[in-house]
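> Residue numbers (numbering that gives the first Met the number 0), protein chains in the order written: chain A, 0 to 316; chain B, 0 to 425.
These are calculated hints, taken from the structure and not from any lab test.
Since the model is a prediction, treat every value here as computed from it, not as a measurement.
A few of these clues could be false.
[Said to hold, decoys possible] Under 8 Å between C-beta atoms, here's a sample of chain A residues computed to sit facing chain B:
(1) I95
(2) T98
(3) G118
(4) A119
(5) R140
(6) R179
(7) T200
(8) T204
(9) G205
Don't be surprised by glycine CBs; every beta carbon is placed ideally from N, CA and C.
One-letter residues, chain by chain:
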Amino acid sequence: MNLQLTQDGRLRHLLTLDGLPRAIITQILDTAESFMDVGEREVKKVPLLRGKSIFNLFFEPSTRTRTTFEIAAKRLSADVVNLNIATSSQTKGEAILDTVDNLSAMHADMFIVRHSQSGAAHFIAQHVAPHISVVNAGDGRHAHPTQGLLDMFTIRRFKGEFHNLTVAIVGDVLHSRVARSQIHALTTLGVPEVRVIGPKTLLPTGVEQMGVKVFHDMEAGLRGCDVVIMLRLQNERMKGARLPSAQEYFKFFGLTPEKLALAKPDAIVMHPGPMNRGVEIASEVADGPQSVILPQVTYGIAVRMAVMAMLAGTGNA
Amino acid sequence: MKIHIKNGRVIDPMSERDEVADIFIAAGRIVAIGQGPADFHANRTIDASGLIVCPGLVDLSVRLREPGFEYKATLESEMLAAAAGGITSLACPPDTDPPLDEPGLVEMLKFRAKNLPGPRVYPIGAMTQKLEGQMLTEMAELTEAGCRAFTQADAPLTDTLVLLRAMEYAATFDFSLWLRPQDVSLARGGVAHDGAVATRLGLQGIPALAETVALSTILQLARETGARIHLARLSTRDGIAMVRAAKAQGIAVTCDVACTHVHLSENDLISFDSHLHLVPPLRSLRDRDAIREALRDGSVDALCSDHTPVDEDVKQVPFGESAPGASGVELLLPLTLKWAREMGVPLMRALDLISWKPSQILGVSGGNLSVGGYADLCIFDESAEWVVTSKTLTSQGDNTPFLDHPMQGRVRYTVIDGHIDFEAPR
């Protein structure tokens with residue numbers, strides 16, 4: 000059973016990049032390419048989703064991701080409703096299904112869902128009415144597929160191909176839904192070497208079974224890389240005895256110009272944001288010539304437009 | 000009530016009997032096997048041709064949800080469900096609300112159960128007051144009230160000194176302690192086996208180490224104190240190897256596994272189905288295969304259902320927020336038979352794991368078919384096929400990972416204390 004594809008293999012929901020066929024990923028990237036100029040027009044709108052109601056269902060706070068989804072939906076002429084649902088510890092479960100039922104009754108066409116629990120988007124997709132599509136905007140540590148796709152879009156724009164790349168993902172892979180989605184996308188698109196770099200306390204058990212090479216020495220891990228993806232380090236990792244201090248982390252796993260010099264000279268630096276300058280990345284690198292962090296944000300809108308347009312095009316939305 | 004069960008294939012693991020024979024029951028006892036007494040006039044004759052007649056099943060972990068959780072299931076519904084599963088004796092853990100930590104509560108439960116149809120109920124007392132892991136309960140008083148052993152169930156015990164004292168105290172009276180080995184700190188926050196699947200799904204892991212580290216502590220304390228220890232719900236290959244080694248050294252331990260863990264593994268979690276949220280977590284295929292083998296070679300002494308009915312509302316949430324546990328009394332027999340078929344294990348040996356062996360661990364009569372013994376029997380059709388649905392289950396908890404799965408082997412009659420407490424509808 001594949002929840003996110005229709006029987007004839009088209010996109011029904013976007014929940015994870017794990018197992019999403021390469022052809023669909025490529026189709027999303029191609030469609031995003033065609034939306035790139037919309038943002039540069041005087042009237043930044045196309046009428047593809049006119050009359051559709053899209054609900055941003057954020058059970059976990061987010062500004063950046065929610066905003067880019069909102070902009071993307073509006074550029075497609077959809078009506079957007081933002082719901083920031085504070086989760087009470089006791090009745091979260093009932094709240095989710097009740098919320099979903101209520102919004103379905105308001106004739107929603109698409110839910111953009113963010114939730115602190117892994118699998119929450121799957122759960123909602125299993126319970127929505129058949130005409131509603133679900134887009135996972137981040138569930139726990141599990142997946143953040145649109146982020147993974149916009150990262151692929153960025154890599155393709157700057158590097159052209161995937162089959163000859165070495166890509167390193169650096170930092171807190173354990174808690175990162177972004178890293179998981181990136182790994183699935185990179186391996187599906189045929190990147191021959193995907194590396195993860197981090198201390199043992201921040202790499203999940205058996206991560207190598209996702210098709211990556213594990214490095215604990217950042218200098219060795221960066222050598223020869225075409226793409227360096229830095230992950231955000233949450234402050235609370237210090238409390239859980241995973242790290243002694245932000246300073247020591249930066250010393251061994253922060254990206255400085257010196258460390259970046261070990262990668263290929265034309266390597267690009269990416270970050271899903273928001274950045275902790277001086278914790279995982281030095282400002283000289285974040286603002287330097289190899290950084291593509293701001294273009295990532297711009298591309299994020301086109302990629303999310305592509306996903307929504309394709310979901311609408313399946314005849315469900 | 001006099002019952003004549005005729006032409007059944009009688010299998011009794013204790014006596015290693017396996018033959019077609021008649022059984023005669025009167026006044027709650029088996030009065031004859033084979034040739035009936037001359038003056039025997041049955042009130043009821045059961046034709047067991049083509050069926051298997053075995054000792055009533057003994058289940059080492061059935062949550063009856065009383066007192067405190069009646070909305071999840073009631074004593075009445077779960078006792079009927081257990082009878083429908085062929086179970087004639089069951090042990091119920093003390094993690095009720097309030098916990099079974101006072102003689103009055105135990106007596107009340109026993110009284111309630113005695114007045115309902117269904118299995119003999121043997122409460123397992125709380126090892127510490129309120130299951131808080133700090134003060135010992137009155138184990139001797141609780142034993143007089145009917146407790147067969149003492150346990151923390153799934154409640155955490157962080158203080159190793161308390162564990163040592165509990166073992167010393169229990170050993171004083173030769174009471175048995177049932178412990179589920181899990182290091183509280185290593186398991187904190189986890190909802191799934193810490194392995195490749197949890198990593199892929201982004202679920203917080205409970206490492207196999209949580210079991211083996213706790214087990215190491217328990218086994219060393221057991222050796223030191225001489226306490227009788229039963230290890231409940233083992234889930235890892237390494238844990239089973241440790242128990243095997245401890246037994247070889249002569250440490251007085253027995254152990255069981257849950258029937259879910261004989262068939263399922265972490266790989267089944269891939270769709271985030273909260274019915275697979277179990278305690279301990281479903282582990283790797285390697286662990287599952289070690290469990291299957293350990294049941295065959297006798298390193299694991301018993302299989303239990305670990306029946307935990309929960310309200311559907313607490314399963315209709317994302318995996319990590321869902322309440323753990325599965326309903327299982329009606330699946331214990333078919334899942335045991337499935338394992339035996341798949342492993343080529345003789346029926347006698349399979350039934351031993353769910354009747355005679357657990358009755359020995361529990362320290363009660365039953366679990367065998369002998370003249371003069373309890374008339375507790377299970378009569379089942381080994382080849383009957385059925386599908387698990389909320390309609391085919393009697394339990395109030397439909398929370399099983401086997402929903403919609405086909406099963407082979409179904410109970411036809413359950414005789415408890417000489418009464419037919421369950422009879423399958425024809």
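> Just pull the numbers of the violated hints for me, sorted ascending.
2 and 7
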